[in-house]
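Enquirer: Chain by chain, the residues:
Protein chains: 2
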Amino acid sequence: MQTQGQVRSANLAAVLARLRDDGPRSRARLAADTGLTKATVSSLVGELVDRGLVADGALHRPGSVGRPGTLVELGGRGVCGVGVEVNVDYLAVLVLDLRGEVRAERRLALDVAGSPAGQVLDAVTTLVRAVLADVDATPVGLTVAVPGSVQGTVVATAPNLPGWPGLDVAAGLAGTGLPVTVANDADLSALAEWSAGPHARTPDLVYLTGEVGVGGGVVSGGRLLRGSTGLGGEVGHLALTPGDAPCGCGRRGCWETVVGLGALLRAAADPGDPLCDPGRDLEDRLAEVVARARAGDARTLAALTDIGTGLGVGAAVLVSLLDPAVVVLGGYFAVVGEFLLDPLTSALAARVEGPRRVVLSTLGFTAAVRGGAHVALQPVFHDPTTVPLEASA
Amino acid sequence: MQTQGQVRSANLAAVLARLRDDGPRSRARLAADTGLTKATVSSLVGELVDRGLVADGALHRPGSVGRPGTLVELGGRGVCGVGVEVNVDYLAVLVLDLRGEVRAERRLALDVAGSPAGQVLDAVTTLVRAVLADVDATPVGLTVAVPGSVQGTVVATAPNLPGWPGLDVAAGLAGTGLPVTVANDADLSALAEWSAGPHARTPDLVYLTGEVGVGGGVVSGGRLLRGSTGLGGEVGHLALTPGDAPCGCGRRGCWETVVGLGALLRAAADPGDPLCDPGRDLEDRLAEVVARARAGDARTLAALTDIGTGLGVGAAVLVSLLDPAVVVLGGYFAVVGEFLLDPLTSALAARVEGPRRVVLSTLGFTAAVRGGAHVALQPVFHDPTTVPLEASA
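Read top to bottom, the protein sequences are chains R and Z.
The opening position of the first sequence corresponds to residue 1 in the working numbering, with each subsequent residue numbered one higher.
The opening position of the second sequence corresponds to residue 1001 in the working numbering, with each subsequent residue numbered one higher.
Hints were generated in silico from the structure; no laboratory data involved.
Be careful, since some hints might not be right.
A few chain R residues that face chain Z, going by a derived Cβ cut-off under 8 Å, partial list only [to be verified]: (1) 38; (2) 113; (3) 115; (4) 223; (5) 225; (6) 229; (7) 237; (8) 239; (9) 317; (10) 323; (11) 324; (12) 341; (13) 349.
In silico negatives: residues of chain Z with every beta carbon more than 10 Å from chain R [said to hold, decoys possible]: (14) 1009; (15) 1020; (16) 1160; (17) 1276.
Glycine is no exception: its CB is placed at the ideal position from the N, C-alpha and C atoms.
All chains should be modelled from the sequences, with the hints used to inform the complete structure.
Expert: Printed below as a string of structure tokens:
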């Protein structure tokens, strides 16, 4: 049996979810949608307004008679969620409001892999405070994306951040004063694709991202596939091929030795080529790969074709097993995607029945922070009473 | 806002779920567990008794004073669920009551692959009626396991039952008078492992079964992984190996060409060997494989080692991607399992970090029908009022 407080909080959540999923509507329509009385809906909307979660929007005249009402919409400018990404050589922050609008975004080059983790977390705290100082909304939470696996708020594995396993990221960010959650970057990117944009709410979606490593996030039945120890959806070290290229993990033939950024650069250029200069910005180097391919450079095209085929071989296994409605390619795969899709699709078609949608992410390298900010906002939708009444003040 | 009827039906479901998950208990304990008043619990239990779903059990004296009460338990002998398996050369039926006890079980040899589908469905109807005639409980539903993929109640693909794709199995079983659901056999087997026995309620579990084909069922986060078109968890045709053995699906190198029953028999015996006689009962042939292996026959042991290694190579991909707490081997894998586990574990350990549990199913070839009967019972737990009051009469 629910207490009255629980019932009210569930009804507040129901109204908020309706506005999120179906858009602005009148109080009368909300009453019809939820089965609540108009008086109850008015009271609930009033409370949500006081908590800074919804606002009265456009005037709305349902018919030719009666006085016009206003449409209620996710106000959202009252509260915001913060996504942070910690990666090998940068930090990124993105702030989303309840409507899914980006309220702030910042990226900071930092030698994360080469710095003490405590120092990095202090830099995150400073960066988050600075970004939030310019945002006119109350932050309700912070989610940190890390390139590794996570148990609770502790990093479990992070092949490219040697000092991070065992670190409690939430404890290190206590100075932000925000509730902190921590998750794998590719999982958060998958949630970003799922939460907004052309594939929003696709219940079965696979996200693959290529950087130094290869990451994956799987949304299955509308939920992130986490697995028994939080390692679900990991794809970089799938032993798909009998290849014997050594992998950073110590084994040989992992998928990322075939389709990771290193494989592309090795195949596309000799060691002295500026493409292989680790001191150059990655986006510049990828732009040059694209330029060479567009100019018809045979070696570049062959290298991209091999990556595409390798992606298709692995994607065939993922598609057979997980049966997603769409496979989204992010990270560097999206940047050079125009040259990957044909060989990828051919390799996939040779191994899996039926049509399969493979698309390029349009979120660029912000997918993980967007997913993080989305996750940080979710407690508000589960229980709007977690946001204090004064948030709108 | 819920109507009073919805609230009552949710409360009935809550009491029933408590008895299922936590076992027999007093009305007072149920009141404490659910937050409902004792009077409400007494009324709810009374209704559940009238619907044949719970019963008063053992006497229970909570302390040294006060009058003794009785423990309430899933009565369950009032209603039952029916699982049917349609396979290449047999039909099977199993009836479970609400307590998970097997109330009836029957297996019938039938050349399903060689018979018109309508005739097979008539045989199913006759078999189900005959089995239920001996069961003193009201059937609430029937779930049919098929060796293929399913859309709604229509068979989508069934490589080993050529006449079945496109067939509406529920329509063909209207004569049973029961609500009919249809599902993939390996998915139902996975649910059987999940619903009872040593791995009950393991939220992340992978079930692999070997017969002529190789099937898989994945429970992820406590739910069956279905995918966007119902093909999720299919493993037989994973393109894991660059092998080129032709597969029944028309492609080459599918996993079932490496670890299916055909691969074992080809490797273990020459064509003239009685092991390869398709007219012999499969269980006899498998018993002979085990006998030869136990006697130390080198060829048989080598064949089993190869199957185990091939299973480990594929299991490594499944484990990396899905991160299950346990992998359960069913079908013929369980029968010859004592010879598969060592090579399987070695192949897995070479490809995946950390300890991984791989166990043999103890359900034998009844896993699919058990899972089906379990599924057929679920509507009762969701809404106990679907069972008419006269069910207990």
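Enquirer: Decide, hint by hint, whether the structure agrees.
Expert: Status of the hints after comparison with the structure:
At about 12 Å, the closest approach between the beta carbon of residue 38 of chain R and any beta carbon in chain Z exceeds 8 Å, and the interface hint on this residue is violated. Taken as an interface hint, residue 113 of chain R does not check out: its beta carbon lies about 21 Å from the nearest beta carbon of chain Z, beyond 8 Å. Violation of the interface hint for residue 115 of chain R is found here, the shortest Cβ-Cβ separation to chain Z being roughly 26 Å, above the 8 Å cut-off. Because the smallest distance between the Cβ of residue 223 of chain R and any Cβ of chain Z comes to about 6 Å, under 8 Å, the interface hint for this residue holds.
Hint on residue 225 of chain R holds. Least Cβ distance to chain Z is approximately 5 Å, under the 8 Å limit. Taken as an interface hint, residue 229 of chain R checks out: its beta carbon lies about 6 Å from the nearest beta carbon of chain Z, inside 8 Å. The interface hint given for residue 237 of chain R holds, since its Cβ lies 6 Å from the closest Cβ of chain Z, which is under the 8 Å cut-off. Interface hint at residue 239 of chain R: satisfied, since its Cβ lies 4 Å from the closest Cβ of chain Z, which is below the 8 Å cut-off.
Here the hint on residue 317 of chain R is kept, as its CB sits about 6 Å from the closest CB of chain Z, short of 8 Å. For residue 323 of chain R, the suggested interface contact is upheld, since its CB lies about 2 Å from the closest CB of chain Z, less than 8 Å. At its closest, the beta carbon of residue 324 of chain R sits 6 Å from a beta carbon of chain Z; the interface hint therefore holds under the 8 Å criterion. With a least beta-carbon distance of about 19 Å to chain Z, the hint placing residue 341 of chain R at the interface is violated under the 8 Å criterion.
The restraint placing residue 349 of chain R at the interface with chain Z is violated, with a minimum CB-CB distance near 11 Å, outside the 8 Å limit. With a closest Cβ-Cβ approach of about 14 Å to chain R, residue 1009 of chain Z is found to remain outside the 10 Å limit, as its non-interface label requires. For residue 1020 of chain Z, the requirement that its beta carbon stay farther than 10 Å from each beta carbon of chain R is met, with the minimum near 19 Å. With a least beta-carbon separation of about 16 Å from chain R, residue 1160 of chain Z lies farther than 10 Å from that chain, consistent with its non-interface assignment.
For residue 1276 of chain Z, the condition that its CB be more than 10 Å from all CB atoms of chain R holds, with the nearest at approximately 29 Å.
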